[in-house]
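Fit chain B to the given chain A structure using the hints.
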Amino acid sequence: MKARELIEQNNKKRALLTEENEKYYTNLLLYIRTKLTLSEQQSEEVLMEMLDHLTEGQQDGKTAQEIFGNDPKGYADEIISHLPRENKRKSFIFVSEIAINLVGWFLIMRSIIIPIIGTKASEEVYIISSLLLILLIMVMTALGVKMIFGLISQRSFDENATDKKMMIRAGLYGAGGFLVILIISFFVKEIGPSFILPWQSSLGIGAILLLTSWIMKKSRI
Amino acid sequence: MSIRSQLLKGILDGCVLAVIEKEPVYGYELSKKLQKVGLEDVSEGTIYPVLLRLQKNKLIVGEMRPSESGPNRKYYSLTSAGQETLETISIEWNQLSVPINALLSKGDEPFEST
Numbered sequence: 001m002k003a004r005e006l007i008e009q010n011n012k013k014r015a016l017l018t019e020e021n022e023k024y025y026t027n028l029l030l031y032i033r034t035k036l037t038l039s040e041q042q043s044e045e046v047l048m049e050m051l052d053h054l055t056e057g058q059q060d061g062k063t064a065q066e067i068f069g070n071d072p073k074g075y076a077d078e079i080i081s082h083l084p085r086e087n088k089r090k091s092f093i094f095v096s097e098i099a100i101n102l103v104g105w106f107l108i109m110r111s112i113i114i115p116i117i118g119t120k121a122s123e124e125v126y127i128i129s130s131l132l133l134i135l136l137i138m139v140m141t142a143l144g145v146k147m148i149f150g151l152i153s154q155r156s157f158d159e160n161a162t163d164k165k166m167m168i169r170a171g172l173y174g175a176g177g178f179l180v181i182l183i184i185s186f187f188v189k190e191i192g193p194s195f196i197l198p199w200q201s202s203l204g205i206g207a208i209l210l211l212t213s214w215i216m217k218k219s220r221i
Numbered sequence: 001m002s003i004r005s006q007l008l009k010g011i012l013d014g015c016v017l018a019v020i021e022k023e024p025v026y027g028y029e030l031s032k033k034l035q036k037v038g039l040e041d042v043s044e045g046t047i048y049p050v051l052l053r054l055q056k057n058k059l060i061v062g063e064m065r066p067s068e069s070g071p072n073r074k075y076y077s078l079t080s081a082g083q084e085t086l087e088t089i090s091i092e093w094n095q096l097s098v099p100i101n102a103l104l105s106k107g108d109e110p111f112e113s114t
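Order-wise, the sequence lines are chains A and B. According to the UniProt record's numbering, the stretch in the first sequence is residues 1 to 221, in order. According to the UniProt record's numbering, the stretch in the second sequence is residues 1 to 114, in order.
Please keep in mind that the hints were generated in silico from the structure rather than gathered at the bench. Cβ atoms here follow ideal geometry from the backbone N, Cα and C, with glycine treated the same way. Any given hint might turn out to be false.
Said to hold, decoys possible - Straight-line Cα separation of at most 25 Å, DMTMM-like style, residue types lysine to aspartate or glutamate; simulated pairs: (1) B:Lys33 with A:Glu66; (2) A:Lys73 with B:Asp13; (3) A:Lys23 with A:Asp158; (4) A:Lys218 with A:Glu8.
As the list claims (entries may be wrong) - For each label pair, taking beta carbons as the anchor points, the in silico distance ranges come out as: (5) A:Lys13 with B:Gln35: 16 to 26 Å; (6) A:Met166 with B:Gln6: 37 to 47 Å; (7) A:Thr212 with B:Gln35: 34 to 44 Å; (8) B:Gln35 with A:Thr18: 17 to 27 Å; (9) A:Asp77 with B:Gln35: 17 to 27 Å; (10) B:Gly38 with A:Leu36: 40 to 50 Å; (11) A:Val145 with B:Glu87: 41 to 51 Å; (12) B:Gly38 with A:Ser81: 25 to 35 Å; (13) A:Asp77 with B:Gly38: 24 to 34 Å; (14) A:Asn11 with B:Ser67: 18 to 28 Å.
Isolated chain A, as found in the complex (with noise of 0.2 Å):
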């Protein structure tokens, strides 16, 4: 069984869970899902049998912390460190599908954007700064990515935190980071040489781009 059909019978069986035991079992499940850097696959192979488990022990009236220990996140990490990692090419498709999905949309703001500004100048492509841009998004978008996962791991067991302080935090880095994109976007306008590419061909470049991303996701699950 592959990763997606697992992650949607998990979300199914979950809802058989008694509230209490839903809980413990979500946190250990957000943890181990944030951390990017485990096959996707053995993760949700062992996170369905943890599950399986626990609705047949319900059954005979265990609960979660009878089953997994009073220490879920030292439970947690256990099962982390035995967990094989990702294999690269796999991490590398995945990479590229982003980036590629990222450009995509890029280009086709753009083609709505050009028309709107109407002026001839807008249409004008610097290829430096257009890859330094693109790159710089990339490398925003990987470290706001990899900082919500870690929020999130990090929430799991804190009974403390809320999901507020999280939102808050969550945003910030969010307007700091497109403020970062648009001051270095500012900088590195005219640099190199360019081409002029009209919003029309734009949007059908970005719309190809989409569409590669969207047949690469539906093929790597």
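Using the frame of chain A, we list chain B on its own:
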């Protein structure tokens, strides 16, 4: 950690391999069988890190298939490397358990025999 669980930690891999050798089992079955033979205070969750480690070391393999009661479960069976490891653990255990029994059991005096 109790003394009992400390002692058990070193030999739990062997116990899990021994259960799986008899017939392929899935997680919940495995924990039930361990409890049935008397290892009651093995917290049920502890088997999952053990199963992951044994899989990583290629001593067991897991396979998803329908269980008796219907839904899919991941059944574990021994690999040939697992079989060998289990035999080694059994031999080691026997070599250790005889002198340790003699040392720790009350009433016996192993040093007297001359």
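Name the hints, by number, that the structure is in violation of. 7
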